[in-house]
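First to last, the sequence lines map onto chains A and B.
Using my numbering, the first residue of the first sequence is number 14, and each one after it goes up by one.
Using my numbering, the first residue of the second sequence is number 5, and each one after it goes up by one.
Since the hints were made in silico from the structure, they are not lab data.
Note that the Cβ used here is the ideal one computed from N, Cα and C, for glycine as well.
Dumping the calculated EDC-like pairs for lysine to aspartate or glutamate here, alpha-carbon to alpha-carbon at most 16 Å:
| # | chain 1 | residue 1 | chain 2 | residue 2 |
| --- | --- | --- | --- | --- |
| 1 | B | K61 | A | E107 |
| 2 | A | K120 | A | D14 |
| 3 | A | K50 | B | D110 |
| 4 | A | K120 | B | D42 |
| 5 | B | K48 | A | E107 |
| 6 | B | K48 | A | D14 |
Here are the in silico distance ranges between beta carbons for each label pair:
| # | chain 1 | residue 1 | chain 2 | residue 2 | range |
| --- | --- | --- | --- | --- | --- |
| 7 | A | E28 | B | S22 | 46 to 52 Å |
| 8 | A | K123 | B | K48 | 16 to 22 Å |
| 9 | A | H89 | B | M31 | 26 to 32 Å |
| 10 | B | G20 | A | N20 | 38 to 44 Å |
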Amino acid sequence: DQQVKQNSPSLSVQEGRISILNCDYTNSMFDYFLWYKKYPAEGPTFLISISSIKDKNEDGRFTVFLNKSAKHLSLHIVPSQPGDSAVYFCAAREYSGAGSYQLTFGKGTKLSVIP
Amino acid sequence: NAGVTQTPKFRILKIGQSMTLQCAQDMNHNYMYWYRQDPGMGLKLIYYSVGAGITDKGEVPNGYNVSRSTTEDFPLRLELAAPSQTSVYFCASTRQGSNQPQHFGDGTRLSIL
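Sequences are here, hints too, so could you generate the full structure?
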């Protein structure tokens, strides 16, 4: 039972245009959401996050939107650049007791930005 | 500026062999994690630790063991390697406190034949 779903395995976008990556979740106990970017043969790197009490967070070209009622979040990249080509993972955080948190990851979306 | 360091980067094991995947971080993070990523899948939590001497199971702990004797190191042990453990293993760490992202190593690609 996937608690975090990224339904698009891949996405191709022209350079300079907007990339929109989507993520759905089912667990109401998630309180914080993160996007990670992963290049081949490297570990995931943190990109941007959003708390469940907010609906938008922006950092440069990257904006994350959260629709809590729909249990949906999206990552917008504007403008898209060839260097953005990578796999993007959506992750959701849940408190697991004793001061610790666990992340649940989606399967990832491979973004290709075409020059 | 090493961050999270994982060794080895690649390894091929025979069924039934054992090995230890090493993970070290130099950021004085108290929380450390082990994940595995199978092809086309997201990362799944194997074990985690909230500090030296404290470990706990994640979503897929069977076939693995961990220990945390120091803040810096969090090795993952496979006792009897099985083909189902062929995967890419990632170690991560974070500082205690809300809203701190996990920092990942570059992974260990393990094949069991």
